[in-house]
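Chemist: Read top to bottom, the protein sequences are chains H and Z.
Per my numbering, the first sequence starts with residue -1, numbered consecutively.
Per my numbering, the second sequence starts with residue 3, numbered consecutively.
Any given hint might turn out to be false.
To be verified - Far from chain Z, by Cβ distances over 10 Å, these chain H residues were calculated:
(1) Ala193
(2) Ile196
(3) Val197
(4) Gln212
(5) Lys217
(6) His229
(7) Phe270
(8) Ser300
(9) Asn303
(10) Gly318
(11) Arg349
(12) Ile370
(13) Glu410
(14) Ala422
(15) Asp438
Stated by the list, open to error - In the BS3-like style, the derived pairs of lysine-lysine whose C-alpha atoms are separated by at most 27 Å in a straight line are:
(16) Lys181/H - Lys261/H
(17) Lys99/H - Lys458/H
(18) Lys181/H - Lys8/Z
(19) Lys485/H - Lys412/H
(20) Lys36/Z - Lys217/H
(21) Lys99/H - Lys26/H
Keep in mind that the hints were calculated from the coordinates and are not lab data.
From the three backbone atoms N, C-alpha and C, an ideal C-beta is built for every residue, glycine too.
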Amino acid sequence: MNSSSKSRLIDRLDALYEYDREAVDEGKLYGWRTFIAMFSSEHIAGTEFVLGTLLVMHGVTAFDVFVGLAVGNTLAVLSWAFMCAPIAVRERLTIYWQIRKIAGPYLTIIYSGMFALILCLLAGSMVNVSTTAVTLPVNILSPNYAAGQTAPSVPWILTAIGVGAVIAVLAVLGFERLAHFAKVVAPWMPFIFVAGAIVSLRSLGVTGTGNFWQIVNEKIWTGIPRPGQIHYGFWHCVGLAWLCNIAQHMGMGDVTIFRYARKWQMGFCSAFGMFIGHYIAWICSGILCAAFVHSQLAAGVSDPNPTPGNIAMFGAGYAGIVCVLLAGWTTANPTLYRAGLAFQVATPNWRRWAVTLAAGAIMIVTACIPAILHYLDRIVAYYGLFFMPLGAFIFIDFWLFPRLGLARYYAEQKGLLMSWPAAAGWFGSFGICFLLSAKDQYQSMGWINNILPAFLANYKSDLFLQVLPAWLIAVTLYLVCSLIQQKMSPISQEQTK
Amino acid sequence: MTSQTKYILQAVSFAGLALSAFSAFLVFGGILTKEAYFRLMEAGMLMWFGTAVFWIRKDH
Chain H
-1 MNSSSKSRLI DRLDALYEYD REAVDEGKLY GWRTFIAMFS SEHIAGTEFV
49 LGTLLVMHGV TAFDVFVGLA VGNTLAVLSW AFMCAPIAVR ERLTIYWQIR
99 KIAGPYLTII YSGMFALILC LLAGSMVNVS TTAVTLPVNI LSPNYAAGQT
149 APSVPWILTA IGVGAVIAVL AVLGFERLAH FAKVVAPWMP FIFVAGAIVS
199 LRSLGVTGTG NFWQIVNEKI WTGIPRPGQI HYGFWHCVGL AWLCNIAQHM
249 GMGDVTIFRY ARKWQMGFCS AFGMFIGHYI AWICSGILCA AFVHSQLAAG
299 VSDPNPTPGN IAMFGAGYAG IVCVLLAGWT TANPTLYRAG LAFQVATPNW
349 RRWAVTLAAG AIMIVTACIP AILHYLDRIV AYYGLFFMPL GAFIFIDFWL
399 FPRLGLARYY AEQKGLLMSW PAAAGWFGSF GICFLLSAKD QYQSMGWINN
449 ILPAFLANYK SDLFLQVLPA WLIAVTLYLV CSLIQQKMSP ISQEQTK
Chain Z
3 MTSQTKYILQ AVSFAGLALS AFSAFLVFGG ILTKEAYFRL MEAGMLMWFG
53 TAVFWIRKDH
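Let's have the full structure, built from the sequences with the hints guiding it.
Modeler: Okay, here's the thing in structure tokens:
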């Protein structure tokens, strides 16, 4: 890439976010109700039907779920309230401009491109969820990955293409009406989750508070993983609840939203999303999953397939099917729209519709890969750990750099295309945490234990337990490298001006 | 939309949500069959979507 094409790429990137370059005016700020509504609707997605189910399949106990998810979601809310929102209301800039000032345009392009890819993947998982609802009434079987079906049938793929195409076309046309419809759907969905769970508890034999705890431990969260699944425990529940939106809170993605908040305390509005979507809905989908599996085993089915469509039909009938369809659809659409925006950065002069359709094609392909739903919890963990370090840099740059006598927004002030301390902190943190987890997770990477010092070789840690190590490694690397960088090349008086 | 119409629409919407929750408790209590519960859930859904779409405001 020559220098003129590099500058064109950076210009395009800046032009795309031109309207967000300035800090938000005082007159455009929103109050508590807006943020409560936004969080409540955004965090009840089709994927909640999957994540609650996965916790059951991974053999957590009832204590792990009820207490672990409460702890993890509380940590997530505190991260929004004390890390993300205070910086958002002081700076009132988007995540794009924050990263741009700290890490330089090249790393921002990498961030945008990778973010677009992961958004396509998440949108694909939502299409997959919706497709399980559409195929059920017409007797097209959804693939059972746990039973070895690694590819869906042709009719299922054709249905997924149809569902994905509708979503992609609506994203191209703009989604104002759909956004309104999503707002209408949001208050109704928790009722379907809760109603389905109450009915399912009855079918599992719960008759009241007297035998509730005994039955949920014996029949739902048994502490025994299903064949082929890794065993999860308390800290996995904490980690999953904390990690699954970490790109938004500790990763600072939601500074883009909270820059419109009147007060930093509005970060606590995230509690509505977390405790309705990632606590109640996950618990309910776990109950639905267990009740469905028990009923299928009782009916003589050897390999029950607890897809979102199947468990919702079991718990709430056709209302459940509609809920799954809409939960996947209404969240896949804005996700795809955002992916299109992010992709637009890296595509030379492509029209918005073409970029969004291309993103839609990737979404449809990922929707047809059953492994993605099966490993969705680990995918969101990788996603969180990958994007979190950049938020850590924003946090450190804001709170610590002035106290240490370091210059803020060094990359911007120096006109750097890429901040090497940010690159070292970002890729170093993710790489180290990945290897520390992968050495015990994947056989092919077991050799790493042989070359590590004993204390690290004996360190057994899953992805979900890496939040704090990842944050600390990212911050340490970034801080040490920034100290070296600014010592070697301090900002002159002229550059400060 | 007059405020009276809005109140009526809201009343039907919330009645739809209440119907969805209430019917589940009736099944739990052994008073309602699962088939009847499914029908009530569908009725609750229609009551909610048929009315909420008119009074829930669009984002700006």
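Chemist: Of the hints stated earlier, which fail here?
Modeler: Structure breaks hints 1, 2, 3, 10, 17.
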